[in-house]
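Peer 1: Sequence:
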Amino acid sequence: MSPAHRPTWRPVALFVLLAASAAACESAESRAQKYVASGDAYEARRQYAEAIIEYRNAIKSQPSRGDVHLKLGRAYLRAGDPASALQSMIRAADLQTTNSAVQIETGSMQLLAGDAIGAQSRADIVLKREPRHIQAHVLLGNAQAAMRRMDDARATLERAVRLDPSSGDALSALGSLYLMQGDRRRAEVTLQRAVKEAPSRDNARLALANYYWMTGDRDSAERELRHVLDAAPRNSIAQFALARLYEQTGRPSEAETQFKALAGQGGTTARLALADYYLRHRRAAEAIAAAEPLRSDPVRGADASLIVARAHVEEGARAEAGSVLDAVIKRDSRNAEVRLLKARLLLDANDLEGGLKHAKAAVKAAPGLPEAHYVLGLAHLRAGRAAEAEPAFTSAVKIDASHAGAELELSRIALARGDARGALQAARRAERHPDRKAAGVQLALSLAAAGQTSQARDTIAPLVRAYPEDPVVQFQLARIALAQRDFTTARAAFERVLQTQPSSMEALEGIVAAEAAAGKTDAAAARLAERTESARSGAEAAQYRVLAARLEIARNRPDEAVTALKNAIARDSRHIDAYMILGQLYASRGQLEAAEQEFRRLAAERPDAAASAHTMLGIVQQMQGRTAEATGEYVAALEADSNAVVAANNLAWIYAEEGRLDEALPLAQRAAARMPTRPEVQDTLGWVYYRKELPMHAALAFEKSAELAPQNPTYAYHLGLACAKAERSADARRALNKAIALGRTAPWIGDARRALGGIETETRQKEKGGR
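All you need for the numbering used here is the position in the sequence shown, starting with 1, plus 6.
No wet-lab data here; the hints were simulated from the structure. The reader is advised that the hints may include incorrect statements.
So the derived label-pair ranges between C-beta atoms look like this [what the hints assert, rightly or not]:
id: 1; residue 1: Lys363; residue 2: Pro508; range: 34 to 42 angstroms
id: 2; residue 1: Gln458; residue 2: Ala529; range: 28 to 36 angstroms
id: 3; residue 1: Lys266; residue 2: Ala679; range: 55 to 63 angstroms
id: 4; residue 1: Thr400; residue 2: Arg240; range: 45 to 53 angstroms
Cross-link-like lysine-lysine pairs, in silico, PhoX-like; alpha carbons within 20 angstroms at most [to be verified]:
id: 5; residue 1: Lys366; residue 2: Lys404
id: 6; residue 1: Lys698; residue 2: Lys731
id: 7; residue 1: Lys366; residue 2: Lys336
id: 8; residue 1: Lys363; residue 2: Lys336
id: 9; residue 1: Lys404; residue 2: Lys370
id: 10; residue 1: Lys66; residue 2: Lys40
Fair warning: this is a prediction, and the values are worked out from it, not measured in the lab. We put the beta carbon where it would ideally sit given N, CA and C, even for glycine.
Let the sequences and hints guide you as you build the complete structure.
Peer 2: The structure is reproduced here in structure tokens:
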């Protein structure tokens, strides 16, 4: 076919394609413009959520429109979503590099978000093109101040003032910098000059008001804020500042008026500020009424739900609070604040695993949030895992050095493990805790543990005056006075504890100790006899009899002590201390054979006491190294009474040592379930797990025993072994170091040092391999 006769469809087709492409472009542009117009309309009506949707649709049609990204950023900001606002503003600025106003606005946002380097870059972009741009100098100076480059910041802002001596913004920034540097005189003069040069600029008066507020002149701060509102009644920053000023100066009704005026402007953030005000003032119903309609807001709905949930907690409606939080978590599982409140609710309800789960989720969602680590630490503590709680509290302090709550818990943990120095250091850092009583008591305890009893007494004295009826304060006063041998004060304080907590064994023990130390042993014995007679249960009476036995031992009356201990066992066969003290008494007096004969006769003649008698026989025989016979007695005790938990615990230990681990485990578990607060029992359970090659289970049990008896070196040694086998090297190192420090003459000290050396060697090898 010749060229002249070729068909003409190619150019026609090309024309059609070009036309279609042009139509598509026009369609995208027109669609984007329609969305922008719709968004602008919503923006004008303060319907920011709807405006955001429209602007985002416009960007889908025309992604490179910097002006729409800017509108979207401003809408996000007004809707109370600064994170999304910042991202949109950055995109707008990147698309409009020659628009100085957008660069300054975006840089200011970056500075507020903590990105001082980004803010400096925006200022540099403008100054490279416009070296005398005042707002760019102000932004640069503020960014330099945020980076602690104070001399550079001062030079930059002073240059801005020289370039334009009438610039209220430059003068305000320079005055604020002077205030940061502690130069109050220059700060006030410069800020007053800013107001004089730019009386109509709200920012200048707001900066001066902030100066007065920071320096304690609340009347002048109020005057300046009033000036702003007289000129601009709808200035939300001034309204909010004035409302907070009224609130902090004890004028709640005036504060409420301002919050209501702010909320009346219709913005979600303003309405939430009113709801939050109601919540702070324990007006839960009004807080719910204000926040509930905002729960469906696509941007601030989670914040509204948090206020509603906290208000329900305030009213005692915890189930309703939980439901509100669950609904938020279903929509956004990574909301750390919601997870934290849910964790606290579950911990308060004693759902320890649920609380731990949500606390871990909060840390995962917001690893830089100190409160998340703090609540995780509380969850571990409530579950009896102090070794895991400590790193969580430490993380909270690393993120926020002023987190007094975490420091308070770290002090308590250190004191529990016998680290008086560490406890005192943390307690001093926790003095700024808002709970003045808790912080003061912990400091006094730590001082006393460090041997500084005079300082401890001085610390507890103002708390005694402030809280004269508080049993915790009185108990610590009594302990400190007892350490100072001030028996009169100690006894009186312990008596005050008993007035509010009549069943407190610790207070009773303190009174007995004070009376015995003061030589009033007859009075102490009479008190215990009276308590025994009025006891409401056999277990309670047994406690008094054991305490009476200790008193008799202190009086060097061993026969009376033996009688008291036998009486305690008869009243409560599970009282492990009674068995142990009785066995030690027999051993110290060389009466093990006589004791054995007595308990055999008791087992034969008194079926109701057979379990206790066989248990005691087992203990006596173990003391003599007759393990096989002791095993038989413990078995007999359990046959007589399946709840003979002391026999179960001791038999579990023997079986574990003999390798009969499957028989040992149910016995140890039974004993631990019946006596969860006895360190000996937890140690036995942990040892069985350890021998069964279950180091993670073993470590949990050993953590409990070590926490219950922090000065026992054997428990620390066992914990170190289990943590090492569970590959928890840091915990193993800590426990073994403590065991070695406490148990210098223990038979296992060589094994502990070798285990510690192995961990150190392995750690060095890993570090070398990592390099």
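Peer 1: Each hint should be assessed against the structure and marked as holding or not.
Peer 2: Outcome of the hint check:
no.: 1; hint: Lys363 <-> Pro508: 34 to 42 angstroms; in the structure: 39 angstroms, holds
no.: 2; hint: Gln458 <-> Ala529: 28 to 36 angstroms; in the structure: 31 angstroms, holds
no.: 3; hint: Lys266 <-> Ala679: 55 to 63 angstroms; in the structure: 57 angstroms, holds
no.: 4; hint: Thr400 <-> Arg240: 45 to 53 angstroms; in the structure: 47 angstroms, holds
no.: 5; hint: Lys366 <-> Lys404; in the structure: 18 angstroms, holds
no.: 6; hint: Lys698 <-> Lys731; in the structure: 12 angstroms, holds
no.: 7; hint: Lys366 <-> Lys336; in the structure: 17 angstroms, holds
no.: 8; hint: Lys363 <-> Lys336; in the structure: 15 angstroms, holds
no.: 9; hint: Lys404 <-> Lys370; in the structure: 17 angstroms, holds
no.: 10; hint: Lys66 <-> Lys40; in the structure: 13 angstroms, holds
Going down the numbered hints, you'll see the structure goes against none, and every one checks out.
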